[in-house]
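Input sequences plus hints: build the corresponding full structure.
Residue numbers (the working numbering), protein chains in the order written: chain A, 137 to 598; chain B, 34 to 498.
Just so you know, not all the hints are guaranteed correct.
[Stated by the list, open to error] Heads up, simulated DSS-like pairs for lysine-lysine below, C-alpha to C-alpha not over 30 Å straight-line:
hint: 1; chain 1: B; residue 1: Lys252; chain 2: A; residue 2: Lys362
hint: 2; chain 1: B; residue 1: Lys465; chain 2: A; residue 2: Lys509
hint: 3; chain 1: B; residue 1: Lys383; chain 2: B; residue 2: Lys343
hint: 4; chain 1: B; residue 1: Lys383; chain 2: B; residue 2: Lys183
hint: 5; chain 1: A; residue 1: Lys498; chain 2: A; residue 2: Lys444
hint: 6; chain 1: B; residue 1: Lys473; chain 2: A; residue 2: Lys427
hint: 7; chain 1: A; residue 1: Lys444; chain 2: A; residue 2: Lys509
hint: 8; chain 1: A; residue 1: Lys448; chain 2: B; residue 2: Lys252
hint: 9; chain 1: A; residue 1: Lys501; chain 2: B; residue 2: Lys471
hint: 10; chain 1: A; residue 1: Lys427; chain 2: B; residue 2: Lys183
hint: 11; chain 1: A; residue 1: Lys178; chain 2: A; residue 2: Lys444
Because the hints were derived from the structure by calculation, they are not lab data.
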Amino acid sequence: MKYLLVPSLCLATLSLAGGQNPSAVAIKDAHVVTVSGADLPKGTVLLKNGLIEQVGAEVTIPPDAWVIDGAGLIVYPGFIDALSTWGIPNGNPPAGGAARTAGGGAGAGTPATNQTRVRGPEDRPQTYSADRAADMVSPTDNRLEAARAAGFTSAATYPNRGIFMGQGAVINLAGERGRDMVLAQPVGQQVAFRVGGGGMGRAFPSSLMGNISYIRQLYLDLAQYKQAKKLYTAHPSGLQRPQYDHALEGLAESPRLLLPAEESQQIDRMISFGQELKVPFLLYGLHEAYKEIDQLKTANVPALVSLKWPEKPRNADPTEFPNYRDLVMRDQAPAVPAMFVKAGIKFAFYSDGLSAAPELKKAIKRTLDAGLKREDAIRALTLNPAEIYGVADRLGSIEKGKIGNLVVMRGPAFEDKSVIEYVFIDGKQFQPSKDLQQGPPPGGPGSRRPTFSEGEGRGENK
Amino acid sequence: MRLQRTLFGIAALMIAAFEARAEAILIRNATVLTITKGTVQNGNVLIQDGKIAAIGKGVSAPSDATVVDATGKYLMPGIIDCHSHTAIEGGVNEGTVSDSSMVNIKDVIDPTDINIYRGLAGGLTVSNVLHGSANAIGGQTEVIKLRWGKSAKEMAFEGAKPGIKFALGENPKRQGQPQQGLFNSGAAQQRRYPGTRMGVEEVIRESFTEAKNYQATWKEYEAKVAHGEHPIPPRKDLRLEPLVEVLNNQRYVHAHCYRSDEILMLLRVADEMGFKIRTLQHVLEGYKVAKEIAEHGAGASTFSDWWSYKAEAYDATPYNAAIMTRKGVTVSLNSDSDELQRHLNLEAAKTLRYGGLSETEALSMVTINPAKQLGVDDKVGSIEVGKSADLVLFDQNPLSNYSKALKVWIDGHEYFDRDKDLETRPKFQEDKKKLLEKEKTEGQNGSRNQPRPTTGTVQSTEESN
Numbered sequence: 137m138k139y140l141l142v143p144s145l146c147l148a149t150l151s152l153a154g155g156q157n158p159s160a161v162a163i164k165d166a167h168v169v170t171v172s173g174a175d176l177p178k179g180t181v182l183l184k185n186g187l188i189e190q191v192g193a194e195v196t197i198p199p200d201a202w203v204i205d206g207a208g209l210i211v212y213p214g215f216i217d218a219l220s221t222w223g224i225p226n227g228n229p230p231a232g233g234a235a236r237t238a239g240g241g242a243g244a245g246t247p248a249t250n251q252t253r254v255r256g257p258e259d260r261p262q263t264y265s266a267d268r269a270a271d272m273v274s275p276t277d278n279r280l281e282a283a284r285a286a287g288f289t290s291a292a293t294y295p296n297r298g299i300f301m302g303q304g305a306v307i308n309l310a311g312e313r314g315r316d317m318v319l320a321q322p323v324g325q326q327v328a329f330r331v332g333g334g335g336m337g338r339a340f341p342s343s344l345m346g347n348i349s350y351i352r353q354l355y356l357d358l359a360q361y362k363q364a365k366k367l368y369t370a371h372p373s374g375l376q377r378p379q380y381d382h383a384l385e386g387l388a389e390s391p392r393l394l395l396p397a398e399e400s401q402q403i404d405r406m407i408s409f410g411q412e413l414k415v416p417f418l419l420y421g422l423h424e425a426y427k428e429i430d431q432l433k434t435a436n437v438p439a440l441v442s443l444k445w446p447e448k449p450r451n452a453d454p455t456e457f458p459n460y461r462d463l464v465m466r467d468q469a470p471a472v473p474a475m476f477v478k479a480g481i482k483f484a485f486y487s488d489g490l491s492a493a494p495e496l497k498k499a500i501k502r503t504l505d506a507g508l509k510r511e512d513a514i515r516a517l518t519l520n521p522a523e524i525y526g527v528a529d530r531l532g533s534i535e536k537g538k539i540g541n542l543v544v545m546r547g548p549a550f551e552d553k554s555v556i557e558y559v560f561i562d563g564k565q566f567q568p569s570k571d572l573q574q575g576p577p578p579g580g581p582g583s584r585r586p587t588f589s590e591g592e593g594r595g596e597n598k
Numbered sequence: 034m035r036l037q038r039t040l041f042g043i044a045a046l047m048i049a050a051f052e053a054r055a056e057a058i059l060i061r062n063a064t065v066l067t068i069t070k071g072t073v074q075n076g077n078v079l080i081q082d083g084k085i086a087a088i089g090k091g092v093s094a095p096s097d098a099t100v101v102d103a104t105g106k107y108l109m110p111g112i113i114d115c116h117s118h119t120a121i122e123g124g125v126n127e128g129t130v131s132d133s134s135m136v137n138i139k140d141v142i143d144p145t146d147i148n149i150y151r152g153l154a155g156g157l158t159v160s161n162v163l164h165g166s167a168n169a170i171g172g173q174t175e176v177i178k179l180r181w182g183k184s185a186k187e188m189a190f191e192g193a194k195p196g197i198k199f200a201l202g203e204n205p206k207r208q209g210q211p212q213q214g215l216f217n218s219g220a221a222q223q224r225r226y227p228g229t230r231m232g233v234e235e236v237i238r239e240s241f242t243e244a245k246n247y248q249a250t251w252k253e254y255e256a257k258v259a260h261g262e263h264p265i266p267p268r269k270d271l272r273l274e275p276l277v278e279v280l281n282n283q284r285y286v287h288a289h290c291y292r293s294d295e296i297l298m299l300l301r302v303a304d305e306m307g308f309k310i311r312t313l314q315h316v317l318e319g320y321k322v323a324k325e326i327a328e329h330g331a332g333a334s335t336f337s338d339w340w341s342y343k344a345e346a347y348d349a350t351p352y353n354a355a356i357m358t359r360k361g362v363t364v365s366l367n368s369d370s371d372e373l374q375r376h377l378n379l380e381a382a383k384t385l386r387y388g389g390l391s392e393t394e395a396l397s398m399v400t401i402n403p404a405k406q407l408g409v410d411d412k413v414g415s416i417e418v419g420k421s422a423d424l425v426l427f428d429q430n431p432l433s434n435y436s437k438a439l440k441v442w443i444d445g446h447e448y449f450d451r452d453k454d455l456e457t458r459p460k461f462q463e464d465k466k467k468l469l470e471k472e473k474t475e476g477q478n479g480s481r482n483q484p485r486p487t488t489g490t491v492q493s494t495e496e497s498n
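In structure tokens, the structure reads:
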């Protein structure tokens, strides 16, 4: 546990004050897990100007660089959360703003609010497709510290309401201002199904088939919208102009669609649905994917696996007989990542509302216990999400020229005894507190799970 | 090269043919209830390539055929349920709008629903899975075969025309009136038109008028394009597309109805707008207007003996099915329930008592008649050579209260076997116990788990899969 005395004291004081930006930082002679290539059992990573200046066994360290003695330390690329609300304070877009209510779509003069009845798809119910996470992120989100304490340096973050939830952005989990955090946007449009209530007194859609038909209609409208605009631009004379549609503009910008799929038949259904819509798409959730390995492999769809493993409900009636399928899911879900590796299915992990560092660590550890190799878990938290989101040329591995995002640990990742010593974001150093690494985060729980909200299910008007 | 490929192709075909023949099943010495061609005592039925290949007393089978000894047992066609909400995920109704024809049951079939298996265990092989009755015009519907273990797509009954659900009477108008109690949460409830029976009629008229206008708009667009023009295309409207299909006789209308006045209303509206009602569902007062129903050519799918659970069900009679049958209507009995779909043979039996129908007429109610109504009577619904081998073997006359389904085949593939099911139960309970133990010892959620007794516990055999 040797430190170069003076610089590291400076380091310690300054980083406790919230992190300052030295011109260059070198982590010397540590075990470097590059992910993109072979591990360096004794390598040096040099960060300069927020980027990885150099990485190798022999690196020339500038004389004014701060040097961290890497003995006993392991350097990984900073972890990337593949689907989250990190960085959006309260996990929600800011309240108010008429521009953010549903509607403003074709066919409706006024946006549909809670008071107006939604007459159907033309009123664009629960559609926030034009909302951008990039506009909502702020370093003031009090969950960011906890995320860093779990080793996360970036995330694909999405707004969190409605059916079309808005456009995600890949962000760094620290920055001076919100806009400094944004790495890439838009990276995708997240969709969630809002189901329940039996329709009595509620707005369209209330059923799963209603949600699906609405999404289908919106994509049909998008195709027509694009064609109409093209024709009108080419020759407007004599033609009715296409009506501006805020929801469709947002949808048009989205490079990929994120569809929720937890159970086996949902996975099957969403694969068909995504293919029917003819858009690039990903699936998220995937706890029952152990039944759908062949289908996922054939479909070649990138997979986001939720770290919130299904568990026995806390307040379960002890006399109630558990469902066999639920028992199997609780047992088998953590084995899904290892199965994906074996089948060659590309996947990434996402936090799914887990916001405490020890929770996240334990969740990942369960996949290791179920057979996933550590390097594959690391890949699912680094290069895989970067590739899935098309930012692998600048993020996701320790390579010269990439963004200076690292997590430096004492002990291998996800082991109970391992501790995160430093996290680097854009080359700026953070020292996650031991408390956060072992206990719950400050403040409230934060985000909601953006997946199914199942209501009463079957047994209604027949 | 080409010769090689041809030879390979021939070889592959021969292997496939051999394998297909290896799937031949001979059901021997049963009382064969063909439904359409009488009953064959001590008869044999040969299944090959998923179809009924031969029926008779002296049917021969290839030497490698599986032989099922059905001595003392009864073979009938697989049961068909013309009104089902089984295996639907995420809500049976899209009740938020008056006309929800844009939604499609096909999108939300859940092939893992255990009720499919339980239906099989009662001899059910085909279900007409419908949207609920919350809307005057409901969603699109699908006919499925209960191919337990397959995917949703694989369960679709290929060749069955798609349908759409209408509903008349109390259910679709319930949301139009301010409600107390059950449906009123106390907050300002959005009232959804219609609130009256005349409103229900208007919804149907309006939607079909819109559909006709929509059809005309598209025809106009296509004419312009044919002329070489480049007009902006109209919006494709998923709500109106299925209604256009109804007008073009490409989609069947299944209409939930009760009272004679609304039945007549619907038949007249359909005639006026230029389409046909394929089936009237529930149609509990159908006996009052059986002549008009027969004239229109609609089928009737009704309950055996449900009565008075709503005001509009007050005038129901268990003689409904028999009376309509005698008036020339094709009548089926349906379940509209995951529970009832497991014993539709017993529902059929009630028409022996109420109406004095013959045994064949009774069983027709759940076999060839619903097949006719769904337009699949060329494929299923009776035991005839060339039809799909959708068959059920009962341990005695299926019209008896004591009868049990022993084996069920769909397309010649066995999907249910009672003995095999009972054999797998101990192992299944074992597996379940092991998982529970594992969970307990892994100590999830700490001390909140109550310790479970591990021996001598009476355990429910609810789930079999």
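Here is what the structure says about each hint:
{"no.": "1", "hint": "B:Lys252 <-> A:Lys362", "result": "holds, 21 Å"}
{"no.": "2", "hint": "B:Lys465 <-> A:Lys509", "result": "holds, 29 Å"}
{"no.": "3", "hint": "B:Lys383 <-> B:Lys343", "result": "holds, 22 Å"}
{"no.": "4", "hint": "B:Lys383 <-> B:Lys183", "result": "violated, 34 Å"}
{"no.": "5", "hint": "A:Lys498 <-> A:Lys444", "result": "holds, 10 Å"}
{"no.": "6", "hint": "B:Lys473 <-> A:Lys427", "result": "holds, 24 Å"}
{"no.": "7", "hint": "A:Lys444 <-> A:Lys509", "result": "holds, 19 Å"}
{"no.": "8", "hint": "A:Lys448 <-> B:Lys252", "result": "violated, 57 Å"}
{"no.": "9", "hint": "A:Lys501 <-> B:Lys471", "result": "holds, 18 Å"}
{"no.": "10", "hint": "A:Lys427 <-> B:Lys183", "result": "holds, 12 Å"}
{"no.": "11", "hint": "A:Lys178 <-> A:Lys444", "result": "violated, 35 Å"}
Hints 4, 8, 11, counting from the list given before, are not met by this structure.
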